[in-house]
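So you can see what is in the structure, the chains are spelled out below.
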Amino acid sequence: MIFNNKVWSLEVKNFLLGNTVLWGFVSLMLFGLYGFFHGNNVIERQEQILAKIPSVQTAHIQTVVEHGKGKTVGSTAYYPFFYTTNPPSPWAKFSIGQRDVNPFNLKVKMLGIEGQLHDSELTNPLTLLVGNLDASFVFIFLFPLLIIAFTYNTLSEEQESGVWKIVRISSSHTLSVIARKLLIRLAVVLLTSAIVFLMGMIYLSLPFSLPSMQLGIVLLCYVIFWFTLALMIISFGKSSSFNATVLVCLWIFLCILFPGIANIIIDNKIPVPEAQQTAIKQREGYHQKWDMPKKPTMETFYASYPEYRKYPIPEDKYSSGWYYAMQYAGDVESSESSDELFKKLEQRQNLSDLFGQFNPVIAAQQHLNKIANTDLANHIQYLRSVKRHHKSLREYFYPGIFQETLTENLDWNAHPKYEPAGYVTASLLSGIVSMLLWSIAIFFTSTVLFKRNFIHITDKQNA
Amino acid sequence: MLEAKNLSKSYGSHKALNNLNLTIGPGEIFALLGQNGAGKTTTINLFLGFIEPTSGIALINGISVAENPQETKKHLAYIPETVMLYPNLTGLENLEYFSSLAGFDYSKQDLSELLATAGLQNQAFKQRLGGYSKGMRQKVGIAIAVAKKAKVLLLDEPTSGLDPKASNEFSEILKNLTLHGTAILMATHDIFRAREVASRIGIMNQGHLQSVLDAGSISANELEDLYLKTV
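Heads up: the sequence lines are chains A and B, in that order. If you read the first sequence in my numbering, its first letter stands for residue 329, the second for the next number, and so on. If you read the second sequence in my numbering, its first letter stands for residue 205, the second for the next number, and so on.
Next up, chain A with everything else stripped away, as it sits in the complex (with noise of 0.2 Å):
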């Protein structure tokens, strides 16, 4: 109708007028601002970090081939170490996930490698809390509240001075009037979404590819379910201060105490014992070798290495070969709990995706930080990788140390070189169908409410 279409530019006049427009405008854009600078900052510095590697790794194996001239193979291969690197993706800069908390490179030895595994931290590895402030943060704990900030007093302002009363009169669409008015909120939200967004993707250089677009849909889908969930509490026909108390709880308990008892649980019903029992394990079943008979730790490694048999190996004495099979024994006495470890890392993650169906800020953030590849999978899987690795390290260098080959007569830059496992492209499907049905959901909830507590007639006094 022509007559809308004054009333849409005055209604968005009207909007964009209120003094809460600009500053949340302004605060998100500086707040995006300082996301990205921050998230820039933070996975830079790891790639500088990572980018130093490969000239450390051949000046080291250097040197330590420069001692070892004139020893054997066994004796230089206890020294060097060897580099492995988790890059980040180009999306790691928009989510760092669990990238600070994780290590992102990892040196190992030719040493039992369960023990060189956990070196690190490993005491909370999920941690569904957000600890840095950067895009993902933006979006999902910030824009909430912008949300919020827009619409809870959408018509309870306007029922509160009493304009709402000449709104009633004048119209007999009441719905559509609420709906114009909730609809031009909702889209200055999504431009606000989008315009932080692309400043994002320029600011961090985000490829214009799938990765990116899912990052896009996966905030458009979170932005809608804080909007419908806006909604809902509106319908209500309750107070400004109503409102805005019920929405900023929701906020709390959404994006706080829910991921916090999430995580309470996780951690009480999948305890991970294991790293350090691992680590244990794999000590003792080292160290007791030292007093026991040789013989039985030598079959340990025959059973995965018989080619190695026909190599002597002196029942009373020291050597080389005997020392690297009780290395690996160790860890083949450690692989259960090993195993159980990765288990439970796995455990942990189904868990908190079954947590994140049921809460959209959860869903939201798992799925970041999984288009990002910086989530708790990806950790394992590059764990998973650096056992490959050491396992081809291993097995370049026990011909050399069984035939006790000179240092100098082995080529040690021909050792296997780390490959970092690459990119894995997220399936959003299950995240995706769960805050679109929650947002469906309340939407639908929300237009009965509305139908009932704005449209019928009101008993409330002064209505």
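Misleading hints may appear alongside valid ones.
Straight line, CA to CA, 25 Å or less: simulated DMTMM-like cross-link-like pairs of lysine to aspartate or glutamate [as the list claims (entries may be wrong)]:
1. 338/B with 595/A
2. 338/B with 314/B
3. 719/A with 612/A
4. 622/A with 256/B
5. 566/A with 314/B
6. 334/A with 256/B
Since the hints were made in silico from the structure, they are not lab data.
Got chain A; can you put chain B on it based on the hints?
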């Protein structure tokens, strides 16, 4: 045009309006006098459809307000005691917004004329309403009501906040509207103006319509005496 049949409204045991029977025809102005709490505003809110009657029926153009509030609203215009509008918009924009909501498409010229007729000074048209005095807002409210060209006008102490000159102009606007067949129900404390502008005057006390008088047959002093005796 406007009819109440045994219309009652109770809040718990308190009877805000008791068995009101009233008919206001086209071109008629009915003034309701009474103390605060006599039931004047309750009567108006029942016709507006803001509240539901406990018993009885309020009709506008023969349509029940309680059963079909969306329909009866189309025939209604309303000026409350304190007109509150959008403070971020100008007077002109407020008028444009509300008249467009009601489905009218006035030109800027028409809108300015409506505001001028309502007595708002020219220079205020394009100022933000937030800076208006109560009287100025009241005038915009009058313009909004007139712009709706409604068959029924409900006024709840519309002249409160208006200076005598503006009140006088408002009376003229009302008389002019009656010439076009508008039925007007006006709650007021202004005995003098009620006698001057209304065709009939009702005096209410504790939810009862105590007496109805023909405005032409009574002087202001007589009306005041009667009012004081009734309440």
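Does the structure break any of the earlier hints, and which numbers would those be? 1, 4, 5, 6
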